[in-house]
Structure formats: structure tokens, C-alpha cells
Amino acid sequence: MGPKKKAPPNSASAAGPSSSEKPSARKPTEAPKASNAPKKARARASRVEDEGPREDDGFAALLEPFYGGKSLTDPIKTAEDKWNLLPAFLKVKGLVKQHIDSFNYFVEHEMMDIVMANKRVTSDVDSDFFLEYTNVHVGTPERLDYSDRKPLHEITPNECRLRDMTYAAPILVDFRYRKGKQISLRSNVPIARMPIMLRSSKCRLSGKNDRQMAHMNECALDPGGYFIVNGTEKVILVQEQLSKNRVIVEADVKKGIVSASVTSSTHERKSKGYVIMKKEKIYLQHNILTEPVPIVIVLKAMGIPSDNEILLLVAGIEDKYQDEFAVNFEEATKLGIFSQYQALDYIGTKVKMGVRNRAPGAPPQRRNTLADALEALSNIIITHVPVHGMDFRPKALYICFMVRRVLMAMGDPKLVDDRDYVGNKRLELAGQLLALLFEDLFKKFNTDLKMNIDKVLKKPNRTAAFDAYNHMLSHGNGITAGMNRAISTGNWSVKRFKMERAGVTHVLSRLSFISALGMMTRISSQFEKTRKVSGPRALQPSQFGMLCPSDTPEGEACGLVKNLALMTHITTNDEEEPIRQHVFFLGTEDITKCSGREIYEPGAYVVYINGTPLALSREPKKFLNAFRNLRRTGRVSEFVSIYINHHTNSVHIAADEGRICRPLIVVEKRKSKVTKRYLESLRKGIMDFDDFLYRGLIEYVDVNEENDSNIALYENEIDATTTHLEIEPFTILGAVAGLIPYPHHNQSPRNTYQCAMGKQAIGTIAYNQFSRIDTLLYLMVYPQQPMVKTRTIELIHYDKLPAGQNATVAVMSFSGYDIEDALVLNKASCDRGFGRCQVFRKYATQLRRYPNGVSDGIGGIEYDEKDPTRPITKHTILGSDGIARVGEKVSAGDTYIAKRVPLNTTSTGIGSDFGTDAYKPAPMTYKLPDYSYIDKVMVSQIENENMVVKVQTRQTRRPELGDKFSSRHGQKGVVGIIVNQEDMPFADSGVTPDIIMNPHGFPSRMTVGKMLECLSGKAGVLNGTLEYGTAFGGSNVDVMGQILIDKGFSYSGKDFVTSGITGESLPAYIFFGPIYYQKLKHMVQDKMHSRARGPRAILTRQPTEGRSRDGGLRLGEMERDCLIAYGASQLLLERLMLSSDAHQVDICEVCGLMGYQGYCQTCKTTKGVTTMTMPYAAKLLVQELLSMNVSVRLKLEDEFPHEGRKR
Amino acid sequence: MDFDDDMILDQGPAVTITEAGDNFVNFALQKVDLSFANSLRRVIMAEIPIMAIDLVEIEVNSSVLPDEFLCHRLGLIPLVSKNCTEDVEYTRECDCDQYCSRCSVTLSLHAKCTSNEIMKVYAADLLVDHDRANPWVGTPVITDAEGKGTVICKLRNGQELRMKCIAKKGIGKEHAKWAPVAAVGFEYDPHNKLKHTDLWFEKSIAEEWPASKHAEWEEPAQEGERFDPDAEPDKYYFEVEGVGNLAPDQIIHEGIKVLQTKLATILNALGETKEDAGERFLPDDDVDMGGRNDFDNGYTTPGYNGPSYGNHGRATPYGATPYGQSGY
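Taken in sequence, the protein lines are chains A and B.
Just so you know, we're using my numbering here: the first sequence kicks off at 927 and counts up by one.
Just so you know, we're using my numbering here: the second sequence kicks off at 4 and counts up by one.
I should point out that these hints are in silico values taken from the structure, not numbers from a laboratory.
Possibly wrong hints are sitting among the right ones.
[Said to hold, decoys possible] List time: in silico DMTMM-like cross-link candidates among lysine to aspartate or glutamate, alpha-carbon distance up to 20 Å:
(1) B:K196 - B:E221
(2) A:K1898 - A:E1990
(3) B:K238 - A:E1990
(4) B:K196 - A:E1990
(5) B:K265 - A:E1250
(6) A:K1973 - B:E211
(7) A:K1846 - A:E1788
(8) B:K206 - A:E1788
(9) B:K216 - A:D1914
Just chain A, with the same shape it has in the complex:
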């Protein structure tokens, strides 16, 4: 295999170097023998042909929405069948639509906005020169190493995974610029490579059907939404934040402080402003101000000179607020500030302007306080309210309303905002994060470009006309490298905002399908994990239907890491301008033209758009309905929300990005708008989810609007005040919690435990699981879909990619090896394949290329000294190419890649500087204690032209003592004993259980859902049906009991059971039936470890730590305490010194220092030098102290002095 050979996309996954010379793998160990089969095989050959036409492999059906086995002709009842909207929703949106929508918005709109905002590059040297971007777009992913010689430049995601490449597409810009005297146009110039989110609109997978996906070695059920950077799959987790540009009122009861704060964020700047009430006086506070400025002064500076106007704008006509606010005027008066000029001057002295505008080398400018104050007020404080032409009115109003909120919260503590309220939160997605990063990198790109251009233009005479195009091409790596680095390390640093965030991206967990899916719906909070505050961790009532109440980790991240519910959608940004126009068309007045008296008139409501006051409405209810109608008719984007707040007399319209929302059925006049007729057309495929949306039958409702609605759970609960109807109650759970059957019957922590364990279950990963080479891959040999399914299982296709098996379980105690949740397994079941799994491991190496042209190589199989035809034992499994043959068994110590590195990597080859051309073997050796088989070998080239060799090994494991299993109800247990089938108890039909579970697991855990699963499962088995355990629904227990009775069983699910050992019937009846069990990834084989002797750490000479280093087992502090208390001094001595780091030292009894070889260096004598044994660590401590100028002298004494020696 020459180094030139590059794996083409499809063959990379195939069986490696030489599928033809595939050797025999034997079981157990036998020599391969020539077969006499071929001649007999012919006899059969004819039979193969008469197989019928290829049957439907069921692939196409997978992507179709699922209607639960209902056929087109089945009758439709709206009450029961409205859940059909759910598959329709998922068909349109997909499971990870938030990520994909966000990314699409970024590459299709936001990137253009960013480029247009920074479109002009000019030169300081030549004022005539300019370069202006006119367009930008992202291409489709293609190979980096593509050239005319390699015309196949389309790249598939799986090729990127296998070849450790980045799945990226070029960012192409059009621009015009000045070249010499004329203006030139260039289009489609690549400036960078953008990592592409899988299944986004730019991805090669978008719009492909399942067969095309299969052709690309891609799983049709893979959710997408992640990136592939250098071969690893990376997810940008959803980040939860407090909403930007919204006023939040907070109170510190202890200090008596009430403050209204707003985080203003624009493209240029992000800062936080406060209106704070301290000692009954109100101030404005901001980072740019050295101290809080009295609010009256701020308002005066903003052009409201009249005290009366200020009072009216802030407090209205109510005496209560007027009295409370009046004190603030005194402060301004005391400071002698009456006019706008005085106010600006005052603020100017409080502004920290730094040396922002100073040109390098110029003398420090004299500060112009007026200009500073104007600059601060217009551009820095509350930046998101723009100031056009010194018109401070909107911003002044904004501050007035903040003050008003503070005054109101002072009077009524209930009006303080809740930071944990989901409506006050925004979710930041991949697209937004990438946009932040891209803008930063693009700006840097432009400044670099400008610098380079300046450098050239500075030179007086040039040979050729200057062409900026060449510069564009030459330094495009910054954006690419920046993007790749950010995604692959997860360190997001945006200089503009001084943002430095780590851990934004995570490697996509491919332990099971569910773990990957669960990761895509995960939300991480910016909140510190170490703080012990319960508020942000607690379940919020407002997260109903938006965030899963069950799926959160245990421990320190509990409640901070959340998961999206099934129907959640996260909004992207919508333009404000059209909405503004609609607001005014609906008969409202411009707020800037209104006086305080008008604003606080009874019945007048302020209309806010994205938190900024816009208009005043005197008929808010009518306005609200009219606006909602606009949305339902599609005049306004469906994701714009509107709600009314009667406490603050305000109507809020939100169109910003990151709001959590979900679809609900619209109810009008006590009638659900989704009727039987519509559901029929949905099922026939005439209508889809979007049609429902455009017809106003359903609408998206965000958390704030949901809070303002009256939502009926079921159709029969609709009354006169109902505004919406829930599509399906089980959608309050997420995808992972949706696997649990009957979760509404379980104690809630059990559902949470299952959410954690479902992600560790071994099963199937994806349809392309055999063409992937992952670092560690666990697969189940015979996975089964659960007997008791849920609607969610079908919707997320867990039944197509399951992780577990339906075990027949007897709930009884047996043998005493089942205490503490241990399970008893049936040996025959294990023989027949229960719990059998495969473990794949990847071993990869790169063949480096050195500067002098030599490179690492493979080869150099060593041969036996006596018999030169045979390789040495370690090398027996190697093929002629130096890589282990596929199918070979590899045991500890075997070499699987005979890699070698050149000894000479530096010589230049110029003149006599040649150096040796010898190689040193650097073999990759198999180190695990348990053997494996070579499953796949891949040889390919990665993006930096280096060769990469990947070897995948495979182990097949059957369950053994100590392997961990769990049901879907948070009930985990390890195998305590494996019992022969004839010893197992059996039902009168002779059925033996696969698993015996101890009944003590039930009373304290209260997992009634597990019992119901068993019951429904048993009825399903007897009836030949799959039963449902959907949350808040599922198969009815009474019906299940009836099925059991009809089939001749007890309705209770209990069976009459006989002991297999004695043959006597058991005194008690046993709960007996199928329960879906998951095998978890924690297996004894990976953990089992012991050591008698072995390696030691270099520094301390104590035994190493950990199984991977063949380490010792620590006798820890608490164990030591036990031995001390017991008085086992000799055992202590042995464990802590003799078996650890005993060391002989020579100690001089004269000076107390250490000597060596019986001689004391300090005293220059051998007299009085004795040897003693001490821990090496103690000796090390003494010496380290010596090195710090602390002298440690050891005084020796005989504990048992004997006669002959006297001191």
C-alpha cells in the first residue's frame, strides 16, 4: 500500500487493506483448513435466484410522519387524534430544528448583515482606494484538497469523520474595488471556510431522501445539528441567558435597594445600565460612570428641563408615586443643577472616558466634559435605544419607565421580576454564537487587509498596478482557523464584548442514539455550578411545555443543565420595522409625542416592542386582538408574540431571537379551530403543519404569551375563557424522558434517573454504525424495540434504533445473591444472546512527514531468528503491509501497526549533510488484558497531507457477574448470579424468567410505572400487540387486565410459579412478565483490576494509581484510621511502608543528616552512621525541606535498647 493511495469516500469504511486476503477467524482456536465447500455450494446456487422481487426495506416509511398504526380510513376523533399534529410538526421541524434553524438564519441572513455592516475597507494612505463588499454567501461543503486533477470535490460528512477532516464550505464574497484608475468587480471569491452544521440548508444532506443518505453512508435518522471539525463531531450547546435589552427589576431586601437593570446589546457594544433606588433616592448607574448620577440630572441632561414634566413622566398623576419621587428633585437642586447644560457638565465630570480617542503620540487632549457626557448618554448608556440627531426623547422615556418600575416595585414587592422566570430568559444557539465569532473575525480580517494594503500603497513606485484581489486571497486563513479553533476547543472569545467563554462546544456523545439526541436538546446555563442557590435550579412553573421537567443531571449541574421539551421551538430574529408600522396602523399614538399625563391616564397602555416603548394605546384589548389576528393571518411572522401586562399597564411585542415557544391550538368561541375535517386532510397529506399555521388553526406561543393565555388540556375542558388548547400533554416531556412508559405513575426522581441512564444504554447508534470508526463504540448484538412503547418512542424512532431487550422478569427473591438491587440472570438466556454486546475501539496513528522530506512508515516485520520464514510472535497477525489483517485475534502485547520512524529528521540533504536513512521501530501494541479481533483497517490521508492509519478492534461480550443493567424506571442493578435454566423458577407453562428482580426494589422507589409496563407488556405478548405507555395516556390497565383474563392469566399479572430446584410450587404468587431492560456501558471487564507488584511512580516510588497504569489499591486515610483504632500496627507498617515505598537510608547519629554508603558527608566520618528503613516519600520531604533551607535532623533512638550498646 503506497502512501499515495487515498481512501475514496466509500471504500474508507470497507474492510481495509486487503479484503481478499481476509484470514480465517476461528472459534475457539483452530488451524484454518482448506474447505471442500465450493463444489457443494453449486448445488444450492439455483435456489438463491428464485427469491421474489426485493421487498420493501421500510426505509421510506421512516421519514414519513407516524400515525400510530391508524390507516387512512379509520375514523377520526378530534379529541383523541389531535396528537397527529405532533408528527406533522416534527416532519416540518425535525427533532433538532432549533439548532438547524438558527444556523440557517446565520448563513442566510445574519452573515449578510454582518458583512454589510462592515462592508467598506479604505486606506489611510490612498484616500481614493476603496474596497466594498456587495454580497456574501456560503457554498456547499467541498474538499479542501480538490483540484482539476481531482474533480470529485463533493464531500460527505462521513468521509470527514473517517478522514479527520472538517466539514466546511467556502464563504464566497462579491466585492468591487478600485484597481488603478478604474473600479473592478469580483465575484465568488472565497475568503474563508465555514464549518457546516449537518442537515442545515448548506449541508449536502439537506433535502436528500433516505436512499441517497444511505448512499452517502449517512444515517437517515441522525438528527444532525452538529459540526464535524477535524473528524470529531462537535455540538454547540444551547446557552441560557438573561434576556438582553429588557428591564429587570430586582430588590435586595436587606440593603433596601431596588434596582431596574437592563443589559443593552447591539452589534458594537454590550453594557449594563441600572436605575437604582438607594436610601429613597434614585440614581442611574453604569460602568462608564464613576459614581451613580442622580436620576433627575440624567433626565435633565437628556433634554427634559422641567421638573413637572419629569415628575409626570416618572410618576404620573398618582400622589403616591409623586411623593416618593419628589425627594430626587432636592438632590439636583442641592447640586445647583437646573439646566440641560449644567446637567451635561455634571455628568461629563463623572464619565470615565479613558484615552479612547487619543491618537498615538498626541498630547493628552483636554477633556471636553460636554462632549463626553453627550457621547456617553447617546452611545454608551442604554445603547440599544438609538439616539438620532440629538433626539434623546426615546431614551429619556425609556429611563423614565425604568424609574417608574422601581417606584412601583418599592410600593409593591410583588412587582419585582423573577430572574428564573423562563420568559425572562433567552436561549443562545449555534447561529448566534457563530455570528458573534464571525463578526469579530471578519473585522479582524478587514483590518488585516487594510494594513496589508496600506503597506503596499505606502511604497512610492510599483512595478505593476496594485491589485487588492491578490491580498484578499492570500490571508483568508484567519477566519477559517478562528472558527475551527473555537468549535474544536469550545473557547469562545469575542474581543468586542470582552467575552471569554469556555466549554461552549462538546463532543457529541455517541454512546447510544438517545445520548446523541439528548445532547442536541441540552441547554446549559451560564450560572456558576459551585454556588449553592436553589432558585435557578428549581423547577419553574413557566417551563411547562417548554423544558423537560425530568431530564436534568444529578449532582452539581442539577437544574442548571436542562433539556428542551418535544415541541419546543426557539425563535430567530424578526425585523422590527414592519411590526412598528402595523402597530401604528392599528390606531396607536407615538409614545414620544405623549406627555406623562396621557401616558398614565387610566386605560392607556404603553406598547413596547422588544422592551422599548413605542406607542400608546387607549384600547389595549382591541389592539391585542387585532395584532393577534394579523399574526394568525400571516401578516406578521408567526413567532412574534404579544402579551399584556396589567400591572404595568403595558403591551409587549417580542420579535427577538432566543425566545422559547411552542405551538398550541387556537380556541375561538369555545371551539377548537382544529376540527375533524382538518385532521383528515392532514392525514391524507393535503395539508401540513405549516398550512395549519397559516390558516390560524394553531399558533406559536412564547412563555410570556402563554402566561397570558388560558390553555385547556383536553377539549372537554374548554370554557368561555379558554384561548388555546394543548396539542398533546405528553409533549411537556423531552425526547429522553419520553422513553419511559407510564412516567406519570412513577416517583419523579426515578424518571430523572432514567433520563441519565438511558444515555448509557448499549444499543444501536445509527444506521451507519458499521461504517463509522469511533474511539469507543458499544453495540448490542440483538437489540429489540420495547414491548411497551410510547408515542415519543415512535416519533423519535427509538423503535428503529433501540437500546435494550424485553426480558421476562420474575419479581421475587432468589438465592440471596440478589440483595441491594442485584439481578439474577438466566444462563440459558445469556447463551441465547440476551445482553450480548460488542465493543469497538479505535486505534489510530498518523504517519508524520518531516521537514527534510522523510516520513514515518509502516513495515519492518521482524522474523524469527531460527525460522526466518515466520514472523516473531508479536508480529504474527501482521499482513505484508505491516498492518494487522482484518479478522485476526489480537491479544496483549501484539503489534497491530508496525510503524517506524526515521532516525534522522533534521538533515537537509545539501552537501554532505545526509545523515542516516535508518528507521527505528515505533510499533502500536495492543495493551488491554482481554483479547479483541481486528474489525476494520482504514488507511487514508488527512487535510495536512499526512497519512492516517486507523485500526478498529472488536470484542463480543456476554453478560457476566457485575455487569450493570437497568429498566426504564431508574432501577439499576448489577448481575449478582447467573443461574442455570433448570434451577430457575418457572411458570406452569414452563416459562423461565430471563431476570429475577428482588421485590425490595419496589416499596421505597415507588416505580408503579414499572409494574404497569410489566402488565401491559404481558398483555401485549399474549395478544400479539405492542402496547403503549405514553405519559398521561397509554394502554388502560383495566383493558390489559381483561386481556390477561381472556388469555387464562390472572388480571394482576401474577403467575403461579414452581421452584426449579425442588419442583415444589412456591407459596406465593409471582409478578411475572416482560420488562424492557437496558444494558449499561459499565461492565466488569473494563473495571476489573488487581495487582501484586507493578510499576511505581518515579518521584515518590510509591505504586502508581489507576487500572490503566496497573496501579495499586490505595489504603486510604479512613482505612488507616480503622487500623490505628484497632491497633494493628504491624499491618499498618506493612501497608504504608513495606508494601509501598520502603527505602534504606544511611543516617548519621552525630549530625542527624543523611549520608550515603555508610559515610556522613557533613561529619566526614563513618562513625555513628546507621541504616534505617523509612518511606521514600518521607526521605523526599526531608530533602525538599533541605533545599528550602530548612534543616531536618533525625534523632535516632533504640526503642528496645540492649545491653551491649550504651549511649
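Position chain B against the provided structure of chain A, taking the given hints into account.
Okay, now just chain B, sitting in the frame of chain A:
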């Protein structure tokens, strides 16, 4: 095993066959005690020797299933084992080196998909070598209407399987593939007259607990009948359904035979003089449970010792680690 008619007329055990078919037999066993009936059940499940594929020599496997996966599937294919107790030797007891026609049956499998349609490889595609102990032994059991048997694997265009499978004799205790039955139905006292079971119920036993199908074979407890605490069970209802390796009557016969051999060994040992009795109690090949000969005083779990542990479960030699001879 031939039953004397007078034995049945006597006080000895009685068998009443209630139903029988090609691969099942339901019968009632009478006049034996519970332990005997249960031993028969246990022996049927675990100790009747039959044939199953135990060794696979793979030459080509380019299917999607890995080698171990295929081997496991092949092992579970039921093979006809008629008369294998007499005709076939245990490989470990045979004189041959590895295996021979007296202790094994060779089946070969060669399949290659050459069309664009997905091809299924069935148990029927296994070709049995004619050189075997008797003319039946080792043929895959095929019961379906098409005569194809179990699906072993599916192949796509170009994929190929070529392997040689060695079927050997073994017992269910060692691996479930050597079990002639999947389960044995066993019941006694359908009316619970002996009160071995405490019937759990909410309102009424009769309503909530469906009667066993064997209930009609016995009289229910009469009204006011006194409970006899000394009563012993005496009639046992068996439902034996074979996998297909052995006919149901053969299964029972073989079961009794194995049981007899075991009892005979014990009797034999007990009959010896005391001096050499000690030796005889060492497990003999016939009584040896797992059929494994390499007993090592129970220090290893049979079948769990990967050869990677080097010296097969004995103590780690001085200077070595359990993971190999890596010195430090």
C-alpha cells in the same frame, strides 16, 4: 429402555399420555414423588446430549455480521440428534486428535450473493458431510413450510460466506444450544389441595384465578373436605415440547436414561468398600456436571477464561503479571 407391563400394573410409576404430536408430548406421571418428577424435568432440560455446532472455521466472511456473531447464530441452529447418545462420542472422550466423524459432524456453508437483490442464507443451506456417525445426526432441523429453516444471515451483492462448521455432542448445562427443549411445562395439584401455594386474591379465588388446564383431570376439593397436612403430591403433568433435535418420546427416554446412569453411578460408588470409596467420589466423567475434564478445584469459571490470561487460571507465576510477562 423398555418398560415392563407388569411394572406399571404394580405399584410402580404410571404414565398417561394426554396429547402428543410431532414435537410435543403432554403426559401425566403418577405414583412417583415430587423430587423424582422434578429430577426428570431438570435432566430433560439440562443433561440430554444432543448435537450442536460448536466449532466454526471461517474462510471468508464478507457479510455485515462479524465472525463471532455468525458463530453464535450457527451454534443455536437445532440439528437432528437422533440416536446421538449411542452413536456419537463426546469429542473429549474420542481417540482422535481434534475431531473426527465418530465424535462430530461437519457442515459446510458457502453462499455468495451475485445479484442486486439481498440474499438470505438459511439453515437449509448448510451442507452436511456424509461421513458421520449415523445417517440422521447433524442435519439442520427444518420445520417451516418452505423448508428453509432459520435465517442465518443476509448477503448483499458481492458478499460471501464460506465456512466449515463442526457439530459436536454436548449437554444443555454447558450451553443452551445443547438443550433439546426450550422449556418443560410441569404442574401438580391443580386445585391446590395440598396448599403448597397461598392463593392471593381480592374477592374470590374462583373468579380471579383462571383454572389450570389440568384442573379437569383431578377432583376439586369437596365442600367441607378436611385438609390433610400429610398428603403428598402424586400426579405430575408434564408438557414437553422439543426443539426438533429429538422426537418427544426420545427426549423422555433419554432423560430417564441419563437419570438412571446418574443414580447407577451413585449406587455403584456407595456399594464400594469404604477405603476406595473416597477415590470414587471424585467426579467421574459420567457424572461430571459440565462435562469438562479440566477441573481445577473450582478455581476457574468454565468458559470464562480468555486464553489471554496466559496460564489458564492457575496462579500467576512469580515475576509475571496476570496480563503477560511484562517485567518492570
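query: Regarding the pair K196 of chain B and E1990 of chain A, is the alpha-carbon distance no greater than 20 Å?
result: Holds - the C-alpha atoms of E1990 of chain A and K196 of chain B are around 14 Å apart, at most 20 Å.
- request: Take a quick look at whether K1898 of chain A and E1990 of chain A sit within 20 Å of each other, Cα to Cα.
  value: violated, 31 Å
query: Holds or violated: K216 of chain B with D1914 of chain A, Cα cutoff 20 Å?
result: Roughly 10 Å separates the two Cα atoms, so the pair holds.
task: Please work out if K196 of chain B and E221 of chain B have their alpha carbons no farther apart than 20 Å.
output: holds, 10 Å
query: Taking 20 Å as the top limit, are the C-alpha atoms of K265 of chain B and E1250 of chain A close enough?
result: violated, 102 Å
query: Is the straight-line distance between the alpha-carbon of K1846 of chain A and that of E1788 of chain A 20 Å or less?
result: holds, 12 Å
message: Checking one constraint from the list: CA of K206 of chain B to CA of E1788 of chain A, max 20 Å. Satisfied?
response: Violated, at roughly 81 Å.
query: When you check the alpha-carbon spacing of K238 of chain B and E1990 of chain A, does it fall within 20 Å?
result: It holds: about 13 Å lies between the C-alpha atoms, which stays within 20 Å.
task: Take the C-alpha atoms of K1973 of chain A and E211 of chain B, compute the straight-line distance between them, and say whether it is at most 20 Å.
output: Given pair K1973 of chain A, E211 of chain B holds - Cα atoms ~13 Å apart, limit 20 Å.
Hints 2, 5, 8, counting from the list given before, are not met by this structure.
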